[in-house]
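J.: Chain by chain, the residues:
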Amino acid sequence: MSRKKRRPKSGARPSMKKFVRKRSQKIGLPPGSIVYLGEPAAREVRLSVLDYDAEHVAHRELRSVDETFPFKDTATVTWIDVAGLHDTTVMERIGEHYCIHPLVLEDILNTDQRPKFELTDEHVFLVLKMLRFDTDTAELHADQISLILGANYVLTFHERAGDIFAPLRERIENGKGKMRRFGPDYLAYSILDIVVDHYFLALETIGEHIEALEHDVLENPDRALVERIQNMKRELIYLRKATWPLREAVGALSREETDLIRPSTHPYLRDVHDHIVQVIDMVETFRDMISGVLDIYLSSVSNRMNEVMKVLTIIATIFIPLTFLAGIYGMNFAYMPELRWRWGYPALWAVMLAVMAGMLLYFRRRRWL
Amino acid sequence: MSRKKRRPKSGARPSMKKFVRKRSQKIGLPPGSIVYLGEPAAREVRLSVLDYDAEHVAHRELRSVDETFPFKDTATVTWIDVAGLHDTTVMERIGEHYCIHPLVLEDILNTDQRPKFELTDEHVFLVLKMLRFDTDTAELHADQISLILGANYVLTFHERAGDIFAPLRERIENGKGKMRRFGPDYLAYSILDIVVDHYFLALETIGEHIEALEHDVLENPDRALVERIQNMKRELIYLRKATWPLREAVGALSREETDLIRPSTHPYLRDVHDHIVQVIDMVETFRDMISGVLDIYLSSVSNRMNEVMKVLTIIATIFIPLTFLAGIYGMNFAYMPELRWRWGYPALWAVMLAVMAGMLLYFRRRRWL
Amino acid sequence: MSRKKRRPKSGARPSMKKFVRKRSQKIGLPPGSIVYLGEPAAREVRLSVLDYDAEHVAHRELRSVDETFPFKDTATVTWIDVAGLHDTTVMERIGEHYCIHPLVLEDILNTDQRPKFELTDEHVFLVLKMLRFDTDTAELHADQISLILGANYVLTFHERAGDIFAPLRERIENGKGKMRRFGPDYLAYSILDIVVDHYFLALETIGEHIEALEHDVLENPDRALVERIQNMKRELIYLRKATWPLREAVGALSREETDLIRPSTHPYLRDVHDHIVQVIDMVETFRDMISGVLDIYLSSVSNRMNEVMKVLTIIATIFIPLTFLAGIYGMNFAYMPELRWRWGYPALWAVMLAVMAGMLLYFRRRRWL
Amino acid sequence: MSRKKRRPKSGARPSMKKFVRKRSQKIGLPPGSIVYLGEPAAREVRLSVLDYDAEHVAHRELRSVDETFPFKDTATVTWIDVAGLHDTTVMERIGEHYCIHPLVLEDILNTDQRPKFELTDEHVFLVLKMLRFDTDTAELHADQISLILGANYVLTFHERAGDIFAPLRERIENGKGKMRRFGPDYLAYSILDIVVDHYFLALETIGEHIEALEHDVLENPDRALVERIQNMKRELIYLRKATWPLREAVGALSREETDLIRPSTHPYLRDVHDHIVQVIDMVETFRDMISGVLDIYLSSVSNRMNEVMKVLTIIATIFIPLTFLAGIYGMNFAYMPELRWRWGYPALWAVMLAVMAGMLLYFRRRRWL
Amino acid sequence: MSRKKRRPKSGARPSMKKFVRKRSQKIGLPPGSIVYLGEPAAREVRLSVLDYDAEHVAHRELRSVDETFPFKDTATVTWIDVAGLHDTTVMERIGEHYCIHPLVLEDILNTDQRPKFELTDEHVFLVLKMLRFDTDTAELHADQISLILGANYVLTFHERAGDIFAPLRERIENGKGKMRRFGPDYLAYSILDIVVDHYFLALETIGEHIEALEHDVLENPDRALVERIQNMKRELIYLRKATWPLREAVGALSREETDLIRPSTHPYLRDVHDHIVQVIDMVETFRDMISGVLDIYLSSVSNRMNEVMKVLTIIATIFIPLTFLAGIYGMNFAYMPELRWRWGYPALWAVMLAVMAGMLLYFRRRRWL
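Residue numbers (this note's numbering), protein chains in the order written: chain A, 1 to 369; chain B, 1 to 369; chain C, 1 to 369; chain D, 1 to 369; chain E, 1 to 369.
For reference, chain A alone in the conformation it holds in the complex (with noise of 0.2 Å):
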């Protein structure tokens, strides 16, 4: 294996990322500092609001956040999308007109939250992970999103404007499921369900990749392969610490008296913890597994290693002793009777081959053979 190999490669850096992100610069602010820590975007902010009951829908693209604002008072569902976190301006004018603490706009802005419930008088405030497992890098993305449960509308923020809520419209603007006739707190279910929905798919993937693991493990233990263990590992680690929070706060949340959460909403919310439950159960498994591997690739090591000892071992105490009696009988002492004897040669040739198979019977005996 050449050195160049050895690097680690670029993917090391954004995962520690992943972990740790550079708040110095929120330093010395006073707390509830409107300050947006994500990676910057050129993209401009995308608004999107989807206006229902059981009788008509409406969806619409907006261009100014001050658009958003009418639909607040009316007596439809409202849901109300922000893909794009970066313009802080849109966030202060979003927090004014729902009256949102400032505490809660920052928790959105800052996007290395832990999954979070928290009650206030107006409003369910929900911070979640939706994760996506690379597979090429091996790696899981995870892009918080937060939500806001009012009286009659959902607000939902998040960084990239992908289209992870395109089934859910749908369904809504087709009619189908409960989702026209039921209230926003189903709405709110309908995309936590959603996201834990993609956890499931997450650990899928990341099983096959255990099951890769596993394979080339024992196939071809090469020391790549360490890091792959160590990187899948870590993966765990993350996704580990995106769940246990969340069933905390899904499990708040479905046991929480509020008016803003109907009963008839409350076993769907059980139902949705019940499948967190199972995903950590899934984690915690793969974490077991993933140290089985490594557990199997170190053996497989240790292994090898006895095998190329086992090789050596039995070349060396075969032919030593047999070079040994060659060196005798190249010395050059003026009285070596032995060298005179006419079935010297012969007689010394059937001694090594007698040494040599008493050699490879006592390794067979051993069951190096």
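Source of the hints: derived by calculation from the structure; they are not laboratory data.
Wrong hints could be hidden among the right ones.
[To be verified] Keeping only pairs whose Cα atoms sit at most 27 Å apart, straight-line, the calculated DSS-like set for lysine-lysine is:
1) B:Lys310 with D:Lys116
2) A:Lys116 with D:Lys178
3) D:Lys116 with E:Lys310
4) A:Lys116 with B:Lys116
5) D:Lys310 with C:Lys310
6) E:Lys310 with C:Lys310
7) D:Lys178 with A:Lys310
8) D:Lys116 with E:Lys178
9) E:Lys310 with A:Lys310
10) C:Lys116 with B:Lys116
11) E:Lys116 with C:Lys178
12) B:Lys116 with A:Lys178
13) B:Lys310 with A:Lys310
14) C:Lys116 with B:Lys178
15) C:Lys310 with B:Lys310
16) E:Lys178 with C:Lys116
17) D:Lys310 with E:Lys310
18) C:Lys310 with A:Lys310
19) C:Lys116 with C:Lys72
20) B:Lys310 with E:Lys310
[What the hints assert, rightly or not] Beyond 12 Å from chain E on every Cβ pair, some chain C residues (computed):
21) Ala58
22) Asp73
23) Arg228
24) Arg304
Computed from a predicted model, the values in this text were never measured in an experiment.
The beta-carbon is built from N, C-alpha and C at its ideal position, and this holds for glycine as well.
Position chains B, C, D and E against the provided structure of chain A, taking the given hints into account.
T.: Only chains B, C, D and E this time, still in chain A's reference frame:
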């Protein structure tokens, strides 16, 4: 060992599948969608009804789900067993007629559910795992059993058309035990009891497997053992995942105060709870033991390496100096007085034997021989 | 070490049996079936009765279970000890007469029960494990003791006809201590106290065994030690399994408010609870110690390997270059001027000795010598 | 590697001191004795007062502790910062004037206190640890900050005369944020917030260090890394010891109902609590990662050993048999027919090359080359 | 290393004794039997009484236990210290006069009691462990101190006639601190405080020992270190066993509402509780550190092995091929044209030097040199 032997057994793949089942097809569907996630089956759904009270008993195999409905309103205890979950229309009909919440139906069809207990207004809902340890592949097979206990009926759902309930059915038909005199809650308990009894069966077989592994590790510690040990570890992880939530579920069931469960049934539920605790105890013990087996294996391997090294070292350290001596007197210097001495050759042999004896003594003192 | 020595001791099998007892024969039987799961015994069931109050005391060995019944209704304290559980008719008769729930009877016969405590309307039911550490096989033997405390009687059940209760019986007969003045609850406590005292005895012997193991590991770390260490680990796992639920059981018993236990007995129960906590403490300590012993063993092995390698390396690195030099002057080139020099041979010796000295110095500097 | 390099860095000693501070001089003294346990300092105690309300603000450096007393009874918020704890008379004067319990004073002076929270009738008392990670020595430095929150004043005590509070003081003087409008409880919160922000800073640097370690382990796994890994582990242990009790303390503080903390401050305290939980999460993650780095190191080392062994084995197994063959034909037997054959020498070369090629093929098949 | 050095130090035996004390002699005795389980002592029991209130103080050494009785009913605070527990008649007399429950007396005499707290109607009963770390044997020595706090007296019992309480007695006699003005509860607290202060002392010494171990592991990792590390681990296990229940006991004591403890003493008890928590923290930290030391040791050993292997490999791979070449030209074939070439010998040297240089280059590239 040839490279071919190192390929993972085809069994590795299903064992991973056991932990993660494909859910991708469900993403985007509304919650409560009745989609079967298990393996597709060609067979028909088998419906059987057992209707009994203290005086009479009747057992029938039915062709259509609608034939089960008349039993619902009789005063007798009715046990409807549904084997095969792939026909979602059957499930929907049952769901409607017995007023089962869509989320419960979803749980019944989603066959990698964790064991759980739920109490609704009209039902007790239990998810169980019937386990079977396959000695040939050293793998656990699980069949999910969902049980719904209503006012005077018990519904059970499972995938495989096995005869796991045959002994129980016979007991009822023969009128043995208290079955016929007691209500549907005692029937539900009896089913639970059979499931837990199968856990003990599985544990017995696993115990024998671990013993065999231990024996093999001591007899002939070869590489394939690591895989077998890891597989056994994984099966124990699976077993653990199946038992811990079951304990919780049965614990909750036995504490719950509901009209569906008579007070006289409570001691039986506590008894089955005790059995589950014992199963968990044994699973934990087996986990400790299997790590012990791995420790023995690893120390065997390093011990073997040690022995190989010792043989090499003994042979090499004895003969290398002697070969050097032989080399000396094989040199062709014009002026080497020893070569001409009358007793040079025998004297050299004497020196060599002395060196050899010294070495052997040294090795003995170090306890290498 | 010959291959024969590597066979597992026949003792390995029973020790696994200790953890899993065959239950296969019970599957399908109705719960509460009175089936003896222990080892079959040829002996007869031994029944003995001790009847006492402050004034008088009477001890009798009985032939039939029916002879015990008159004692039930006397005002004196009656202790009925049943040694041998294989005769299920005896058990059934007792069960009927003393109104023992079938599940309790089942627990008494099922001799791999966990220690437990149950309170019914009429009885306190305790399952205990009497432990004995067999120094020869380094194995723990457990005898299950079931205790039923009624209004004015104590029933004890155990498998082996040992004399474990002899000292207690003597104490009662001699009227020593408070036994005679106190009620059946104090008798039950005294039995519990004896059982826990035997735990300390077992721990003493195990402590000596661990010390011996530690000594052997330091003196002569050979392979058989790993097995002995693993066996000891297993016995500690077993001990742990026996003590943790006992703590729970005795804790519950000492907190329970029931007429069957007088307030004056409570401090004694708390005292025995303290003793069990101390036993658990020691078990955990021993577990830590035995891992320490394994660590010492493993580091001894790797240390030995190290020493072997050093010897090989020192010998090889000294003589391989010298042998090369000797080989050079053993060549038969027609034109090798050194061969003809007058002082060539002594000069070569000088060079060789210098190389040797240099090597030795190098090894010393590296602290290999 | 020369022996000199193996000496522990002088940094090892202070790092142990961090965990255990000499208390021997205190033994036998009555509790509540005001004895400074930190390192002696030559500097003077520095006293600074910041007095403000919404309208005005005043900052003063004072020479004597008595000058601070008039501020106590003003209606404005007063922040008295004491830098340097070695002058016990200063402490005693403050204690008397502000009615501080001797045990609290003792805690302030005892600078290896765990973070804690205490509520007395008149004060909230907090012990915090200001952390700083020194990149050169890879060590954490902690400065204990004790905070006393009274009716309208805040007292802070710390050892080093650093400028950690400078940004906060500036913010107050410039009237930025809510500081000036809010009371002393908000000031206390702000100090707490700054301390926790520094934890994130320390974590960022530690994260970079772990990354660098990981990189070095992959690039060049030499022995010094084990020490660096162990040092990092120890710093993480220290960090953990500082954060877990802090979580507890802030959790208790945010739940406490006291007049000293206004309801509007509670969300801020919960927010800082969330931050501490996040810090703990990261510390645990880093602990997992650093063990991963150790695993990579150990597998690198064993991998290297493996490679070394392979090279030795390949060279030795190729040349030892060949050398034996050469030795054979170097023997001086009178009757060795091969020696006289015309093509003997080239034939031997052919045999030797064949052996060599066979060996190389074998090694390739085993994937050693 | 000679075999003699490998014998376990005689210190190993007492250290095991510390964990398990012989109880065999007690089995069969009625509970509450007053049997001394400690080591037999030749000395007499030493009784000393200290009687004080705010105005006067008197200290007396008594010959007979009956002389202490008059002090019981005085209004002053009386502290009776009993050093030496082997005289059971003394204990019985005290037990009778002070109305001590036989089980409490049994606990006092049973000197391997866990630290505990008990509240009876008339007494607070505390069992403490006074610890001392012996630097020579690197062992902890524990002396059990039992404390009984009554209405206006404190009784203390301990085995060794040490002067551990001398500084406290002096403080009382000199009237320093609050001792004289406060009641017996404050005296009990002061004793507790001294005991915990000695824990810090022990920890300081242990910390120095761990540092020394770490230094030695880095300087000269020889085999004896494993034993020293294991011994230290064991002492930390012992320390842990002594502190965790103490925390519980003092926690319970400080929460208990009893007339025996005045409210003003509560903050002091909470303070000592905080100290114990700190001790536990440090014990856990030391446990982590000592495992770190073991890790460093193990990696040092494997590193050394690696270096040894490298030297062997370098020497062998350089000289084995060269020796082969020399062997070739030492053959006696009749027709070997090279042997007759004029520049054959120098040419061979050139080839050999080239091979050597190539090898060295290869090793350098692999970073083995």
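J.: Give me the numbers of the hints this structure contradicts, sorted from smallest to largest.
T.: Hints 1, 3, 7, 16, 24 contradicted; others consistent.
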